Amino acid sequence: MLRIDRVGKQFHNGFIALDEVNLEVGQGEIVSLVGTSGCGKSTLLRIIAGLDRATVGQVTLHKTRISSPHPEIDIIFQEPRLMPWLTVRENVQFGLANLSKIDKNQRTQISLQRVGLAEFAEALPRQLSGGMAQRVAIARALVTQPSILLLDEPFSALDAFIRMKLQAHLLDIWHYDRPTLLLVTHDIEEALVLSDRVIVLRGNPGRIHQEFTLDLPRPRKRTDASFQHWKEKILNSLDLSLDQKIAIEV
Amino acid sequence: MLRSLPVTDVRAVGSRDRLRAQTWLRGLLLPGVLLIGWEILSRLGFFPPNLLPPPSAVLSTLWELALSGALFQHIGITLYRVAVGFVLGTAIATIFGAITGYSPFLHDFLDPLLQSLRNIPSLAWVPLFILWLGIDETSKIALIAVGVFFPVYLNLMSGIQTVDRKLVEVGKAYRLSDFQLIQRVFLPATLPAYLVGLRGGLGLGWMFVVAAEIMGSSQGLGFLLVDGQTTGRPTVILASIFLFAIFGKLTDSTLAAAGQRFLNWQDSYHSQSY
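Chains as they are written, first to last, in this note's numbering: chain A, 162 to 411; chain B, 2 to 275.
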């Protein structure tokens, strides 16, 4: 169980990004955090990843407090962030420590097969397309078999078709080990396709505004009436009226 | 850790060799034309031979020096000085560059001093080094090491400072220690800048060896320059200059080619042709 307990974050320059966020995420659950830019959703994810520290409150995993990167938690960023000097195989192995070479290679092989890139093990990042590179990043995260996988707008830099493919692909992969997925996105459809729960963050500093538990069966079709119904509900919750939007961007 | 993709196509290897040969030929074209033009103009009497002898005269001087065996001694001692000075300067610069690049705290302490020392002209060190270290090899090698130090130091330090924060964060997310972070992220990421520093350092090493050898030596290509001047033989001066150009270029190309093997991962404009 991942618990976020009254977490707030104020940066050195005085900017308050988050205010009193409380959230519990169960094992194997898929939860999306949606919100307009600047609402602190990425900051929250970085705090859970142990890359930033909360100013107040705490994040606990199985009742132990997280203050630095945790071996059971892995993160996928908006960009693939592959080491350009390592081959695909070496990149996937980057986070694997204390394993024999045989074990490493075996796990890398399985991980690359799951993202459909086994044939590209010896390629260099510069030889990959954006979608392929992001799949390598997914393989790098999966290979450590995390119990929690954090995704910070993982597909937002990709074009619409590849994004849809990778969303479906992520769900397929999720079925193997069923890690907890905590996803930050500003794509409501992405949240609806993937999640069991959608959390709407709003305001400046960001607070949890509303929570939606989706009872839609999988696989979900974007064209279904119920899908559209949920989309409208979440859009309304985000309140993207013009005044609000300008206020956030300023 | 770093390796190229296996090239399985034999024809690809052949065409790559051909491409390399073409690159060499293109590089040799302009010097060749200049030498031929110089030779022709000299023979037509455009240049006074006591000031600018033709390339053929320089070549025959080189041949004579080679026959007497003196040429190889001069080349050997100069190469030795540059090599030892280069290794020494690079080693010290790597340590200082790494720590000032990685630690902002140490950077604030060390960098201002090193930057001010960098601006001291090479010749200004010579009297001091001779006073401290004597007239023999030690002072010469120390001078060359000083020349090599600064480009290597500067490039490594700024290379480390400009390593992509996002890649460093990946290392931190996987709980790498400081040492692992340097070894697995900073060093490989800094390699391109480091190589530029090494090449710059080697170039300055060649310049400083002239300063060292002109100031006081009885052997070496720098000595040959002075010897040519005092005995009034422009062919000897030109022969020495030729040799500096040739060996400078050869050592630089070797270094660049050795470095390129480790940089084939770069997605740069030029990497298309490698």
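In case anyone wonders, no lab produced these hints; they're calculated from the structure.
If you're wondering where the values come from, they're calculated on a predicted model, not measured in any experiment.
Among the hints, erroneous ones may be present.
[Said to hold, decoys possible] If the Cβ cut is set under 10 Å, some of the chain B residues that face chain A in the computed set are: (1) Q23; (2) R119; (3) I242.
[As the list claims (entries may be wrong)] Not close to chain B: a few residues of chain A, all C-beta gaps over 12 Å, as computed: (4) R207; (5) Q219; (6) R242; (7) W246; (8) Q288; (9) L332; (10) H347; (11) E350; (12) G364; (13) P380.
Backbone N, C-alpha and C fix where the C-beta goes; we use that ideal spot for every residue, glycine too.
How the hints compare with the structure:
1. Q23: violated (25 Å)
2. R119: Violated - the Cβ of R119 of chain B stays beyond 10 Å from chain A, reaching only about 30 Å at its closest.
3. I242: violated (39 Å)
4. R207: violated (9 Å)
5. Q219: holds (19 Å)
6. R242: Nearest chain B Cβ is 5 Å from R242 of chain A, so the label is violated.
7. W246: violated (4 Å)
8. Q288: violated (8 Å)
9. L332: For L332 of chain A, whose nearest Cβ neighbour in chain B is about 23 Å away, the distance exceeds 12 Å, so it holds.
10. H347: holds (20 Å)
11. E350: holds (27 Å)
12. G364: holds (27 Å)
13. P380: With a cut-off of 12 Å, P380 of chain A remains clear of chain B, as the shortest Cβ separation is near 31 Å.
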